[in-house]
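Sequences and hints are given; from them, build the entire structure.
Counting from 1, position 105 in the sequence shown corresponds to residue 292 in the numbering used here; the numbering is continuous, with no gaps.
Hints are not guaranteed to be accurate.
[What the hints assert, rightly or not] Here are the simulated lysine to aspartate or glutamate pairs, EDC-like style, with alpha carbons at most 20 Å apart:
{"hint": "1", "residue 1": "K259", "residue 2": "D203"}
{"hint": "2", "residue 1": "K229", "residue 2": "D298"}
{"hint": "3", "residue 1": "K225", "residue 2": "D298"}
{"hint": "4", "residue 1": "K229", "residue 2": "E302"}
{"hint": "5", "residue 1": "K229", "residue 2": "D299"}
{"hint": "6", "residue 1": "K259", "residue 2": "D200"}
Hints in this document: simulated from the structure, not taken from any laboratory.
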Amino acid sequence: MSRRKGVRERQYDNVDYTQLTETDNGFVDSQFVSPPIKIPWKAITLATLLFVGGTVMLVTGSLIVSGHIDTKYSDRMWPIIILGALMFIPGAYHVRVAVQAYRKVPGYSFDDIPEFD
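Structure, rendered in structure tokens:
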């Protein structure tokens, strides 16, 4: 029996242990440090391009509907408006999430924006 105990003690002689203080209650300061915020720049750039492109297409379609742009382009009115809406909605949503996360509004974080690898 004493032989086993001796083998076990020698097995852990090369391990360097740091004794915890009596007042730490079992917690280490590094466990409370949050990791740095990773900003998904590619996704924010794509969302910004969708937002700007959708806005331009919606404005162009609206100008065709209102007659400010020549009526010979009226056959392009609905495709421009539909494509503009399909680009504007997700772009505006993700740009809004990115801005709110940058401003550190509770409930918004950069983790809510999908990343592209």
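Against the structure, the hints:
1. Taking the CA atoms of K259 and D203, the gap is about 82 Å. The hint is violated against a cut of 20 Å.
2. As the CA atoms of K229 and D298 are separated by approximately 13 Å, the hinted pair is consistent with the 20 Å bound.
3. In summary, the hint linking K225 to D298 is supported, as the alpha carbons are separated by about 8 Å, within the 20 Å threshold.
4. This hinted pair checks out: K229 and E302 have alpha carbons roughly 7 Å apart, not beyond 20 Å.
5. Between the alpha carbons of K229 and D299 the distance comes to roughly 14 Å, so the proposed pair stays at or under 20 Å and holds.
6. A distance of roughly 88 Å separates the Cα atoms of K259 and D200; the hinted pair therefore is violated under the 20 Å criterion.
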